[in-house]
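J.: These are the residues of each chain, in order.
Number of protein chains: 4
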Amino acid sequence: MGTSETVEVTGHLMDSGILSRILDDIRDYGGDYVIDHFDVGHEADDPSRARITVQAEDDSSLQRLLMRLQTRGVNPLAPGEAATAPVERDGVLPEGFYSTTNLDTRVRLDGAWHTVENPEMDCGLAVLEAPDGTRRVRTVPMADVRTGMQVVVGASGIRVVTPEPGHEPAGGADDDGATDKPQAVLVRQVADGMRRTRADGKRLLWVAGPGVVHTGAVPALVALIGAGFVDTLFAGNALATHDIESAIYGTSLGVGLTMSQGIEHGHEHHVRALNTVRRAGSIAAAVADGTVTSGIMHALVVHGKDFVLVGSVRDDGPLPDVHTDVLEGQRAMRAHIQDVGLCLMMATQLHSVATGNILPASVPLVCVDINPATVTKLTDRGASHGRGIVTDVGLFLEQLALELVPDYRRA
Amino acid sequence: MGTSETVEVTGHLMDSGILSRILDDIRDYGGDYVIDHFDVGHEADDPSRARITVQAEDDSSLQRLLMRLQTRGVNPLAPGEAATAPVERDGVLPEGFYSTTNLDTRVRLDGAWHTVENPEMDCGLAVLEAPDGTRRVRTVPMADVRTGMQVVVGASGIRVVTPEPGHEPAGGADDDGATDKPQAVLVRQVADGMRRTRADGKRLLWVAGPGVVHTGAVPALVALIGAGFVDTLFAGNALATHDIESAIYGTSLGVGLTMSQGIEHGHEHHVRALNTVRRAGSIAAAVADGTVTSGIMHALVVHGKDFVLVGSVRDDGPLPDVHTDVLEGQRAMRAHIQDVGLCLMMATQLHSVATGNILPASVPLVCVDINPATVTKLTDRGASHGRGIVTDVGLFLEQLALELVPDYRRA
Amino acid sequence: MGTSETVEVTGHLMDSGILSRILDDIRDYGGDYVIDHFDVGHEADDPSRARITVQAEDDSSLQRLLMRLQTRGVNPLAPGEAATAPVERDGVLPEGFYSTTNLDTRVRLDGAWHTVENPEMDCGLAVLEAPDGTRRVRTVPMADVRTGMQVVVGASGIRVVTPEPGHEPAGGADDDGATDKPQAVLVRQVADGMRRTRADGKRLLWVAGPGVVHTGAVPALVALIGAGFVDTLFAGNALATHDIESAIYGTSLGVGLTMSQGIEHGHEHHVRALNTVRRAGSIAAAVADGTVTSGIMHALVVHGKDFVLVGSVRDDGPLPDVHTDVLEGQRAMRAHIQDVGLCLMMATQLHSVATGNILPASVPLVCVDINPATVTKLTDRGASHGRGIVTDVGLFLEQLALELVPDYRRA
Amino acid sequence: MGTSETVEVTGHLMDSGILSRILDDIRDYGGDYVIDHFDVGHEADDPSRARITVQAEDDSSLQRLLMRLQTRGVNPLAPGEAATAPVERDGVLPEGFYSTTNLDTRVRLDGAWHTVENPEMDCGLAVLEAPDGTRRVRTVPMADVRTGMQVVVGASGIRVVTPEPGHEPAGGADDDGATDKPQAVLVRQVADGMRRTRADGKRLLWVAGPGVVHTGAVPALVALIGAGFVDTLFAGNALATHDIESAIYGTSLGVGLTMSQGIEHGHEHHVRALNTVRRAGSIAAAVADGTVTSGIMHALVVHGKDFVLVGSVRDDGPLPDVHTDVLEGQRAMRAHIQDVGLCLMMATQLHSVATGNILPASVPLVCVDINPATVTKLTDRGASHGRGIVTDVGLFLEQLALELVPDYRRA
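Chains as they are written, first to last, in this note's numbering: chain Y, 1 to 411; chain H, 1 to 411; chain Z, 1 to 411; chain A, 1 to 411.
Bear in mind the hints are in silico, worked out from the structure with no lab data behind them.
Some hints here could point you the wrong way.
With the Cβ distance kept under 7 Å, some of the chain H side facing chain A (calculated, not the full set) [said to hold, decoys possible]:
1) E164
2) P182
3) A184
4) V185
5) Q189
6) D192
7) G216
8) Q349
9) L350
10) T391
11) G394
A few chain H residues facing chain Z, derived, Cβ under 8 Å [said to hold, decoys possible]:
12) G17
13) I35
14) G41
15) A373
Where a beta carbon is used, it is the ideal one built from N, C-alpha and C, also for glycine.
Starting from the given sequences, assemble the full structure and let the hints guide the process.
T.: In structure tokens:
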């Protein structure tokens with residue numbers, strides 16, 4: 001084969017199956033390899049280290065393969081220097097752009113290593129130069145690149161670092177989302193992870209779907225908000241609308257109605273609730289004027305917590321707080337992920353995937369869903385620490401509130 | 001109870017369980033009822049007819065209950081006259097607005113009945129007056145009402161008509177999405193419905209998710225497009241991106257790669273495909289300049305078929321053709337539903353629900369998904385004729401192409 | 001059509017959709033009908049009553065259709081007399097035998113009505129004559145009929161009665177197993193139903209699969225056994241083996257092992273546990289000799305509760321208490337269903353269906369499973385009162401123990 | 001730690017994740033390890049080889065850990081001699097018995113290696129001595145050991161060999177049951193595997209559940225039987241009963257009835273079908289006397305193919321051919337697995353697990369089910385070559401018949 005590069009990777013390569021994925025990648029990209037050296041460690045806890053010479057037909061193929069391998073934490077042995085090319089058109093990256101991972105990433109420019117700000121998957125790397133000549137490197141989503149920006153091309157001069165194991169929520173091994181687990185133990189482990197995150201001064205980010213309302217978990221989540229275990233909520237129009245609909249109409253009309261299947265459509269309550277909040281002008285205004293007096297959104301407003309609602313094509317209304325432009329919504333979400341120490345994803349695939357896309361790999365995730373396929377999809381993404389729990393979100397949050405909020409249901 | 005109204009409903013009330021749902025609604029809304037008359041018919045095919053006096057505490061509750069009952073095809077015996085109120089603020093409907101169903105609807109104004117244009121669920125009814133004094137009534141989504149519009153309030157003066165049975169795709173009874181059905185028979189029935197739709201001069205609307213690409217159904221769908229069985233496609237960024245990614249990179253890299261789980265994220269092929277089309281400026285331009293030479297999107301462009309792509313918060317890129325504002329996306333979809341005679345929903349819940357929201361109840365639906373919950377959700381929506389098929393979309397489309405395209409896989 | 005019979009049915013025919021199913025049955029069997037009279041009641045709670053003339057081609061078809069309709073609670077207006085025929089061969093019912101429902105059933109012999117002992121689905125009805133000439137009628141499974149028994153043939157002379165609504169566990173409407181329910185409310189309703197059953201002097205029958213062990217619900221179920229909320233347990237070899245395996249090896253080896261996926265096979269712990277109990281001779285002996293000191297089976301033995309374990313083709317071992325002959329197992333189960341007032345089915349389709357087959361329709365069921373298809377299958381069976389709850393059995397039992405056992409997890 | 005043993009393992013350790021599982025096992029059993037040597041190979045296709053010193057607290061723990069590791073294909077470096085102990089009680093293995101894997105296994109007795117006949121999981125190893133002193137070693141299920149048999153104890157003197165990759169049905173990498181695969185390609189790969197198996201003179205074993213009947217796949221399976229692609233069928237009472245019910249009543253009553261959900265219970269057709277075959281005495285007799293003239297069971301009888309039906313606790317009837325004792329059923333199945341070259345498992349978890357339990361690891365499996373959890377459970381079992389396909393069994397068999405039977409649906 002025409003061209004080759006020697007790469008290395010360190011870590012618990014076999015425990016995590018990562019080496020096998022690396023070799024698969026090389027084959028998938030039509031490349032070949034020789035394992036030059038493999039040191040498995042001797043003791044049970046030693047990391048292993050592999051040095052592999054990767055071959056490809058031409059340099060362009062090799063560069064793409066090397067970028068691919070970086071998603072696994074594989075770095076070239078000889079780092080080289082990063083090359084850049086200018087953006088020639090708004091929203092279009094230059095040919096051969098480096099496609100980012102969400103791992104901690106450093107870029108070498110003129111011999112100096114720069115740490116990438118806000119690592120995020122599938123972006124470009126923009127090199128920004130301040131008037132004083134200092135340079136910063138940060139990820140820029142494709143839609144946000146602007147003509148003239150300098151963007152990294154090729155895989156040269158880039159190093160990634162996979163997160164250390166042991167940072168994941170439960171202090172144990174990552175979970176594959178199997179349904180057969182002692183659920184009460186898992187709840188306690190998640191509670192511990194939340195307490196630890198807060199003790200570390202980090203923020204707790206929640207992502208939630210309307211199933212949280214339908215399974216009756218509103219009181220539990222409200223209690224968790226009140227006790228300071230929710231810093232930010234990412235959701236869609238549906239969660240907020242069903243929560244507010246339930247707050248406005250729920251008591252008088254009873255469980256039977258508010259929980260019925262037809263809740264999303266063909267049901268005038270939710271459009272009326274939407275219209276009411278639109279008249280108020282915002283959720284906060286509807287709380288302020290006494291229209292909304294309970295529920296999740298009310299609790300977030302009252303306790304001064306952040307939320308970002310992003311719309312989807314199936315929305316009615318939507319609520320005035322909803323970002324109807326999805327790119328604007330993504331930007332709003334990005335503005336709220338600093339210092340997140342743990343992300344809890346509850347019963348939504350759409351918003352959880354969107355959140356996973358923009359979070360660094362170093363932020364551990366807990367994904368709870370009754371659908372095993374959703375849990376697998378969310379936790380089996382590259383090098384992130386994801387803990388999947390296949391269970392009912394209603395009972396899960398009930399138990400979590402019992403663990404974390406001393407007087408929950410005991411008043 | 002304070003106030004009451006006598007309503008009537010006609011149809012196959014017991015076969016469809018509709019009467020039981022009507023009585024549930026009345027109880028859910030805190031109302032009460034007396035069945036004044038019930039004529040079940042004598043022969044097996046006779047429709048039944050019920051006249052019910054519905055009671056509620058006050059007029060406002062009664063009006064809302066009557067609106068609710070109209071979603072079941074229940075009309076007041078004495079129609080009365082429709083009342084209207086002006087919109088006082090852009091995007092906010094007046095208090096007590098009539099919340100629409102997607103049934104054929106007529107509105108009585110000054111003694112004359114007006115048929116509602118484009119019936120759609122959960123909208124307001126705007127009364128528009130031409131300079132010559134003629135009036136039209138059409139549905140307007142909440143976000144699109146403008147100050148000064150006259151909008152119907154209350155349930156008075158409105159009649160709805162449920163679709164006749166027998167219009168559904170397979171000429172038989174509606175299906176509840178059970179998994180245990182002779183699947184080959186179902187494929188043939190859907191094929192018959194498609195031929196009939198085309199013979200009637202109606203259009204075939206498809207809604208498809210990325211599973212169509214992942215299950216290998218691209219050749220089958222391309223064949224169906226070529227044979228004239230796809231008039232319009234509604235989809236998201238993912239379907240189009242994966243299709244184009246597969247068209248650009250698929251052949252050289254093989255099935256193993258293009259079909260892998262990790263396709264959506266952490267995989268530089270799809271971001272590179274996105275960037276390539278963004279550089280071209282549009283999918284059509286990428287087809288024209290030879291960048292995209294095969295696949296679903298290519299076939300739509302080449303055969304001059306319509307497509308509407310609407311974005312979601314999880315999108316990368318997106319493709320330049322994608323509506324990133326979901327309200328704009330909904331408007332684009334609404335512009336393409338005239339004369340649709342059959343809607344085929346393939347392996348996407350998000351876009352199928354969005355489509356179901358804007359289609360009249362008279363358009364029969366076929367929903368194919370491997371997840372029974374998705375199929376149930378899509379077909380169990382009010383009075384629409386939905387046929388749910390729990391099966392693999394890859395094999396389903398393969399069989400459908402074998403049924404409908406004479407030379408498919410025989411060349 | 002050649003022959004006809006007039007039938008009647010009473011009850012909440014529309015609420016339950018039962019009338020629509022009756023008409024479907026008639027069509028499915030190739031019959032026809034005229035509705036002679038239909039009285040829907042006037043007030044919301046009035047039962048309806050229908051009189052229908054059913055037609056079929058010949059008497060044999062008519063008899064089979066009438067038997068079919070009896071599974072819906074439909075009786076001939078003119079009851080007639082029951083006819084019998086002798087069994088001519090062990091294990092084979094006579095031609096035209098009456099196939100039973102699990103409804104309360106009476107049989108008219110020589111003008112006198114006899115109540116059928118132990119109603120059960122899909123059996124024959126044996127007429128037994130005591131030496132003093134008194135006659136009893138009881139269900140006999142096909143495999144258990146013996147030559148010379150007199151068995152009812154045709155549908156004449158038989159009346160069935162559907163259970164009164166309001167006996168179901170939660171005192172409300174039956175549930176269709178939808179996943180979107182407030183789960184904590186459901187747990188409390190089930191707890192109330194259990195307390196009520198016990199207060200009524202009826203017995204609580206549990207059916208459980210190995211998921212109860214895998215989801216960590218052993219402590220909760222042990223607490224419920226200790227508090228007297230389990231009278232009988234039906235299960236298979238797997239539940240008992242995994243419970244005992246966990247009791248013997250669980251503590252020393254930790255959660256990671258005992259809960260792993262591979263637990264059922266390829267894992268020497270469970271075969272060793274099986275062998276150990278086989279050596280002891282029975283589960284009770286293994287408890288008595290100190291081999292098994294904790295867990296579900298231990299609690300049942302110590303508290304003197306009944307259990308019936310029935311084998312399946314996938315069993316290892318099995319435990320000495322397991323009925324390896326499934327017909328023997330069914331007989332053992334039948335011997336334990338007297339006075340059951342509530343049946344709780346936890347995370348097993350096989351044993352739950354088997355139990356549902358032999359329980360009278362008057363016994364309400366609660367089915368908990370994370371798989372919606374299992375819940376639907378178990379609760380959508382004829383006229384039985386089934387409440388389906390799609391949730392995680394581990395968290396469900398945890399919450400149930402918190403509701404019912406005062407000092408659970410507070411010691 | 002007190003005691004240790006050096007073991008080795010060879011193969012594609014990293015591709016398959018096997019090494020990571022080995023290390024997990026050691027930790028789970030409370031042991032420790034040092035990796036003495038690890039040779040990863042240099043080229044892409046080289047096997048790797050590891051030598052590991054395993055430590056445990058005492059010899060008993062060590063022996064159990066070594067047995068556990070043998071399920072992964074790990075052998076002691078110094079094989080030693082096998083020890084045996086006599087069975088002291090029917091159906092009970094001696095303390096410390098060697099618990100088998102389903103890998104090719106050899107046992108060393110007095111310096112000579114004996115190949116184990118019929119490798120099967122979770123059995124004992126009986127050493128049988130012929131009158132002439134020659135010794136054979138074969139697996140004996142726990143229930144079948146008899147007093148006085150000599151059975152291997154401990155892990156000494158035993159070597160296992162994992163199957164070579166490349167024997168799996170599709171000639172490619174094992175599949176993890178992901179739903180997103182090009183389904184038409186998978187069908188063709190399975191067809192190729194079947195042709196190859198037949199060309200090799202091996203037998204095709206099918207395991208099928210009633211879903212095969214409900215999804216309309218009877219004609220396809222009948223065509224495959226006729227074309228010689230089914231040598232043996234393992235199933236339960238349900239498949240055979242529904243097939244025969246459909247053969248007897250299906251034509252006259254139409255699809256609507258025979259395919260309805262309620263088919264299993266509360267439906268007199270199937271009990272009547274059962275009774276009819278019981279009267280005939282056997283399925284073959286019912287075919288011979290003209291009672292059963294079509295369907296799967298008819299085709300098996302007519303073409304002289306084997307079938308083994310084993311009962312379960314939920315059975316009605318059952319058919320006279322059904323083994324009601326599950327241990328007898330297992331024995332009957334064991335008698336039919338010689339020379340099986342490929343096993344196809346269709347839409348049944350119970351019988352597929354039972355079959356997987358008794359098949360050697362060297363027999364490749366193809367598992368088709370619409371439920372991803374079932375597919376994962378069946379294919380993720382130790383070292384077997386399992387290919388899982390999450391799809392609809394009805395359409396799958398339709399496509400398979402189109403691939404394999406030249407005139408299928410073209411007559």
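J.: Could you work out which of the previously given hints the structure breaks and list their numbers from low to high?
T.: Violated hints (numbers, rising): 1, 5, 6, 8 and 9; every other hint is consistent with the structure.
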